[in-house]
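*Asks:* What follows is each chain in one-letter form.
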Amino acid sequence: MKIEFVVNGESCAAEVDSAMRLIDLLREELRLTSVKEGCGAGECGACTVLVDGEPVCSCLVPAVQARGRDILTVEGLAKDGQLSVLQQAFLDCDAVQCGFCTAGMILTAHALLMKKDNPTDEDIRTALAGNICRCTGYVPIERAVRAAADRIRAARS
Amino acid sequence: MAGLMTPNSLDELAACLAIGNVRVVAGGTDWFVRDVESFGEEDTLIDLSGVAELRGVTLQGGGLRIGAGETMTSLAGSPLVRTHAACLAEAAEHVGSWQIRNRATLGGNLAGGSPAADTPPALMALDATAEILSLRGTRSCSVEGIVAQGRAALAPDEVLVAFTIPLPEGRISAFGKVGSRKEVSIARLNLAASLRRSGGSLSNARVVVGTLGSAGRLCPGAGEILIGSLDLEERRRAFCSALVAVVEAAIPGRSTLPYKRSAILALGEDVFDALMRTSDEGRGRS
Ligand code: FES
Ligand code: FES
Chain A
14 MKIEFVVNGE
24 SCAAEVDSAM
34 RLIDLLREEL
44 RLTSVKEGCG
54 AGECGACTVL
64 VDGEPVCSCL
74 VPAVQARGRD
84 ILTVEGLAKD
94 GQLSVLQQAF
104 LDCDAVQCGF
114 CTAGMILTAH
124 ALLMKKDNPT
134 DEDIRTALAG
144 NICRCTGYVP
154 IERAVRAAAD
164 RIRAARS
Chain B
157 MAGLMTPNSL
167 DELAACLAIG
177 NVRVVAGGTD
187 WFVRDVESFG
197 EEDTLIDLSG
207 VAELRGVTLQ
217 GGGLRIGAGE
227 TMTSLAGSPL
237 VRTHAACLAE
247 AAEHVGSWQI
257 RNRATLGGNL
267 AGGSPAADTP
277 PALMALDATA
287 EILSLRGTRS
297 CSVEGIVAQG
307 RAALAPDEVL
317 VAFTIPLPEG
327 RISAFGKVGS
337 RKEVSIARLN
347 LAASLRRSGG
357 SLSNARVVVG
367 TLGSAGRLCP
377 GAGEILIGSL
387 DLEERRRAFC
397 SALVAVVEAA
407 IPGRSTLPYK
417 RSAILALGED
427 VFDALMRTSD
437 EGRGRS
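These protein sequences, in sequence, are chains A and B.
Numbered according to this note's numbering, the first sequence spans residues 14 to 170.
Numbered according to this note's numbering, the second sequence spans residues 157 to 442.
Treat the hints with care, as some may be off.
[Claimed, not checked] Covered, in the sense of this in silico footprint (three residues per stretch, anywhere, with C-beta under 8 Å from a C-beta of chain A), are these stretches of chain B:
| # | region |
| --- | --- |
| 1 | 158 to 164 |
| 2 | 179 to 190 |
| 3 | 215 to 226 |
| 4 | 354 to 360 |
Since the hints were made in silico from the structure, they are not lab data.
This structure is a prediction, so every number in the text was calculated from the model and none was measured.
Ideal Cβ placement from N, Cα and C applies to all residues, glycine included.
Isolated chain B, as found in the complex (with noise of 0.2 Å):
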């Protein structure tokens, strides 16, 4: 019969990895709908919710460190996040229903490898590192990295333990999403962008779209835009037009393109508003 451990700590995590054909469970929002199928009778699964050290939200080192079993409703009501990861937060605030929130992780959300994936477009944005502990070790990994290798960017025995945001000074970030309904939808496009504003000046913009067949596309071209300088409204319709670019190279032909088309536009404009609307504001969010 299929084994079953509850690690109380990361030392006793790495001692259950040990044991060989092992699958981790954190929030279980995904596991009994999709991951128990390839759960074998031969297989150890490993309940995460117990590990005190996958939990907590903290500055250090000049970075945000988060706890990859950070649920979706601690991050959305969590001070430091809502002020130094702002897109994150909001991100996870449009997560599922409450009740899924209440459950998913931060690294599950990321781990799952789903496109369609709220967070980890946020946390692109963000130029956050992973942190993964297996038997060999801990290692470190951009978010980026991972995105790019789907599902296969974690083997089996690797457990996301925590994500570090640098926070260089006056970074701002804004999310949306579009989805089929205004609460509890699966997101069908959605858009993180980051970007560092100090004195009147922009830079360092990071522009992610998300579904486009992976959890996250940086999008350099419309990051340019965005702190080009383009008067006001000239630069809107150019980041837009921007992110039309990259929705079609993406998905050509796809049956979702002229939907995928219209909605970035939208979605485009309402990032694009709410960042100008931060940096506005002249406070030194992010």
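The following block holds chain A by itself, in its conformation from the complex (with noise of 0.2 Å):
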């Protein structure tokens, strides 16, 4: 079956079977590899992509649910060579270590800030609940969407 749906701004038509999940289309067929499969089960979050700006597990997702839909991977973000607030305060904050889970730590972060531009600790750390870091120990995590919270907000005013 032949879908069509927008990818990082950009309209695209795919085709699309059953047992085809949401990660192999962006993966395999457009080629956008900063989606990460970790666990494939709905677990770790590393797949994350955004679909209408609301944060999901592409391992989960069947391809064909993307009709009709917006969808932002990590490749959407920077902007003319330029990275987002987020992702330049992620390498900042040494947010960023073997980088598995980072795309989709950025999306998830990307969709809270979208939501509240002044999200408390709570907030953060319930949003990211999703997404598993083995590496960091999380605190520069937290640290770099504070951030990004802070210099979006202070770029505003």
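Both chains come to you apart, so use the hints to assemble them.
*Replies:* The following block contains the structure:
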């Protein structure tokens, strides 16, 4: 079945079948390899992408459900070679070690910041509870999200 | 090769069901992890995510009607659900991670038949009825009845369309769960309870414990105590003891019994206190 959807602001069309997952569509068909498969079972969050602005595990979503949706991966964050504020904050705060969890972390945090520009520590932890990191111990990640929120608000005022 | 269909309305869905050998997928959180194994080359997968009539939360004829395709995120954030079905909003809010709550649906949580599911006990405590569509027409069945039959309750070509929760005057409800960690945990034990408060008196208690081999077990004894005449302290103690007795009877000799026995005590106290707090506030919350 042919479906149409938007990925990182561009209209796309692809042939999908019942066995295809959204992560397969993004990685194999569209070559968006920022999307990582950790557990393949909805537990680690490495495969997180945003569908209509909401974080989902792309390893669980049937590819056909991309039909008519707007999908964002990390490839869609940087503009004109310039990292997004959140991406830059991850670098500045040493929130990246092996990097396997990073794309998913950043997208979940991005969705949070779109909804709440001044999240509490509790908001950040609850939002990121489905993203597992085996390297950083989470503290730098939390710090990066806080820093990005502060920078975004500061830039606006 | 296996087929794939994407109906956009209930009428189109009914036409899809007619082809036979169909399986349906809604949020998909269980599909690739569990259900896909029993999906054959001759089968057709129907994606329910485009069916508009499966969404929506509305007040209708004295009840609250919730589309089976509503997600955990939408339930937790719905002012109508929070006001009229507090225990359901609380249950939905604590399912899995944000990513999972964005996809997992109310219908799927029940149809999946997991004994550890969080929203079925809440629906049971609220005395909800499910509306089920198939080629044979539409039938309704209490959530209690569906839970009692487990995964056999729904035929493969039957689709949960909506749930209706009756809204008696003055009903309040609460939910609690104990898992292995604070976030993203699968319930080891959960508890939902509702009752009616009119004037100074309490009535119509429904207390449901989940994860004891089935997604929900109604505990009439604990319910009677909840609305009984004991003073508050004694009532809390008796309520918790009744719940411990339910757990002991449900899983005698099971290795998890000592854990669940102490967990239900804590859970019983939390839910009891939440209910009494809400009923003290004297608001018409439910
Ligand atoms: S790969 Fe999808 S949640 Fe782990
Ligand atoms: S940086 Fe390695 S898993 Fe998070």
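*Asks:* Now tell me, hint by hint, if it's right for this structure.
*Replies:* Against the structure, the hints come out as follows:
no.: 1; hint: 158 to 164; result: holds (count 4)
no.: 2; hint: 179 to 190; result: holds (count 6)
no.: 3; hint: 215 to 226; result: violated (count 0)
no.: 4; hint: 354 to 360; result: violated (count 0)
Checked against the numbered hints given earlier, the structure breaks hints 3, 4 and satisfies all the rest.
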